[in-house]
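**Q** Residue numbers (the working numbering), protein chains in the order written: chain A, 1 to 427; chain B, 428 to 581.
By construction, these hints were calculated from the structure, which means they are not laboratory data. Some clues are possibly wrong.
Derived SDA-like pairs: lysine to any residue, alpha-carbon spacing no greater than 20 Å straight-line [stated by the list, open to error]:
1) B/Lys559 - A/Asn187
2) B/Lys568 - A/Gly262
3) B/Lys568 - A/Ala196
4) A/Lys195 - B/Lys568
5) B/Lys559 - A/Ser307
6) B/Lys559 - A/Leu62
7) B/Lys486 - A/Asn348
8) B/Lys559 - A/Ser292
9) B/Lys562 - A/Gly415
10) B/Lys559 - A/Tyr396
11) A/Lys209 - A/Asn187
12) B/Lys559 - A/Pro337
13) B/Lys559 - A/Asn217
14) B/Lys549 - A/Asn217
15) B/Lys562 - A/Tyr396
16) B/Lys559 - A/Lys274
17) B/Lys486 - B/Lys568
18) A/Lys158 - A/Glu140
19) A/Lys274 - A/Glu221
20) B/Lys486 - A/Ser307
21) B/Lys562 - A/Ala196
22) B/Lys562 - A/Ser371
23) B/Lys549 - A/Glu140
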Amino acid sequence: MIRFLFVALILVSNSIFSILEIEILKGSDNLSKIAFVPFGVDDGIEESYGRQISRNIEKNMLLFGEFENLPKSEMLSYPSSGNDFYYRDWKVLGVDYSVIGKVNSVNSLGNLNISYSLFNINRRIKLLEGEIVGSEDNIEGISKIISNRIYEEITGLKGIFDTKLAYVINSDADTYQMCISDIDGKNEQILFSSKAPIMSPDWSPDRKKMAYVSFENGLAEIFIQDLQSGERNSIQALGMTNSAPVWSPDGKSLALVVSFSGNPDIFLYSINSKRLIRLTNHYGIDTEPSWSPDSKKIIFTSDRSGSPQLYEINTQSKRKKRLTRDGNYNARGRYFPDGKSIFFVHGNNGNFQIATKKLSSRYIETLTSTSLDESPTISPNGNIIIYATKDGSNGYLGGITLDGKSRFSLPVKNGSVREPAWSPLLN
Amino acid sequence: MEPIGIFILAMLCQVYSCAANVSDSVERMQYASVAGDEYLQEERLETNLDDKVYFDFDKSTLDAEDKNLLEQYLPEIKKAKIVRLEGHCDERGTREYNLALGERRALEVRDFLIVKGVSGKKIRVVSFGEEKPLKSASNEKAWAENRRVEISLY
């Protein structure tokens, strides 16, 4: 059923478009303070490498407003190894953690050997010591790996600095672009450009493909695009409308919505066999499926009770369970990575906000305070939600850390941005 | 032997590609009969009537006023070769649910027209959900204008 196939060019836009950049709106007063000491360099190595790496790590760690930094000008010393590191120099400045390091050697292939350490000042211990070898052309990549390790050590959560974000930009009435960029807004690429709407991007678990809905042929159709080659295939499931594709955790199938003669139901679509298996069969609207992390259940929105509410269905037994009862609009649910809670769009007194709920409890907790919030997506470590919202006639992305430490926004420079989708971690 | 082998291979390829084409066009036809774009080859008919009906939030039911409007429209609808119904929603709520809701609205109009004697075969239904608002503002007036089914005749 995959019919035509053509190759779309993947354009790298350096300056043409939007480039999302995170702006911290509200940080907590009680953030841990980290000193990012400029990395030292061995004899014969450009000093700028050391400064670049520590600056990159600092930018990464501060990206979502979860920490504060100690300005370089306030530092009493620039140690680059444990031998010249003194806890009291940092304790006196109210620092909680210090990151130091050194660029040790460059071999003839242009490889750098970088050592780094993380200290907990209050406990007076070295938390982490590591070494990494990488090319001098890839200082950004090396910095992301070090940042991930430091983040993981401090928070106990996976680092997400090498993840990406997909989103749709609507720059004027008739221009829609499916884009991806690094999570810090760098390296934006346009995957597909169209005069018709594009919606519902979803990353394959291996990050190599994107499924999304495009109206390029006059109605909603699901496409799968290979991110490396740019090749696009449409899935034609013979329905009036095909929509809301989401990859299964093993990447072998999609849950999606097919509307045969106007009745949208949830189906499973096997990528290899191209077979459709029906999951729901109800005259109401069933849409917005998403898999539980253990792939045993699918959460979906249904108006079978008279208003949109969330349900989950066991993919084997087909047994269904209603998940939300409070309020007359609970839709587009997604599971947290631990599978124990869900997040979704909650309508309350005419406001549509991002909310969470533990599966074991009835209580709904609203996270956002704007009124037109939708399309929430969660970081793979389960700690940050990015969602779409609107200010005047322009759409922008908002973000919030679930520990409540930070709120931020990702304003687009031109036009409206919507439909964020956070990539999985690299395996 | 060799040329014959290649010949057979070529024949097989041809048969195979032929078969693929056939099933392809069958799929295409079925597809077109629900929401195809063949109307694009036809000229859009001019009409003096308002070509939109409006809906309440999260609702797809036609009220008396809408039905009255559609009744007035009937003679022209019956004359048209193709009737295209495009369902839309306001921006509130979620995009994929709104895509389904827009389809519901267009189907509600289709069903009414069929009951009034319009041939279902010439009706094309498509939903754009909240993707193509008429008004970009976020207020009751703009939302009310955006919750619509647009009727175009060809």
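**Q** Hint check: B/Lys559 vs A/Tyr396, CA-CA at most 20 Å. Holds or violated?
**A** 17 Å, holds
**Q** If you draw a straight line from the CA of B/Lys568 to the CA of A/Ala196, is it 20 Å or shorter?
**A** 25 Å, violated
**Q** Sort out whether A/Gly262 lies within 20 Å of B/Lys568, counting only the CA atoms.
**A** The given pair, whose Cα atoms are some 28 Å apart, is violated under the 20 Å limit.
**Q** Going straight from one Cα to the other, do B/Lys562 and A/Ala196 come out at no more than 20 Å?
**A** Between B/Lys562 and A/Ala196 the Cα gap is close to 17 Å, so the pair holds against 20 Å.
**Q** Taking only the CA atoms, is the gap from B/Lys549 to A/Glu140 under or equal to 20 Å?
**A** 58 Å, violated
**Q** Holds or violated: B/Lys549 with A/Asn217, Cα cutoff 20 Å?
**A** Cα-Cα ~19 Å, so holds.
**Q** Quick one, are A/Lys209 and A/Asn187 close enough, alpha carbons at most 20 Å?
**A** Holds, at about 17 Å.
**Q** Given the hint that A/Lys158 pairs with A/Glu140, test it: the Cα-Cα distance must not exceed 20 Å.
**A** Distance of about 18 Å is within 20 Å: holds.
**Q** Assess, step by step, whether the Cα of B/Lys559 is no farther than 20 Å from the Cα of A/Leu62, and give holds or violated.
**A** Violated, at roughly 37 Å.
**Q** Hinted pair, alpha-carbon criterion (20 Å max): B/Lys559, A/Asn217. Please report holds or violated.
**A** 15 Å, holds
**Q** Need the status of pair B/Lys559, A/Asn187: alpha-carbon distance at most 20 Å?
**A** 29 Å, violated
**Q** Compare the distance between the alpha carbons of B/Lys486 and B/Lys568 with 20 Å, and conclude whether the hinted pair is satisfied.
**A** This hinted pair holds, its Cα atoms lying about 17 Å apart.
Hint compliance for this structure: hints 1, 2, 3, 4, 5, 6, 8, 12, 16, 23 are not met, and every other hint is.
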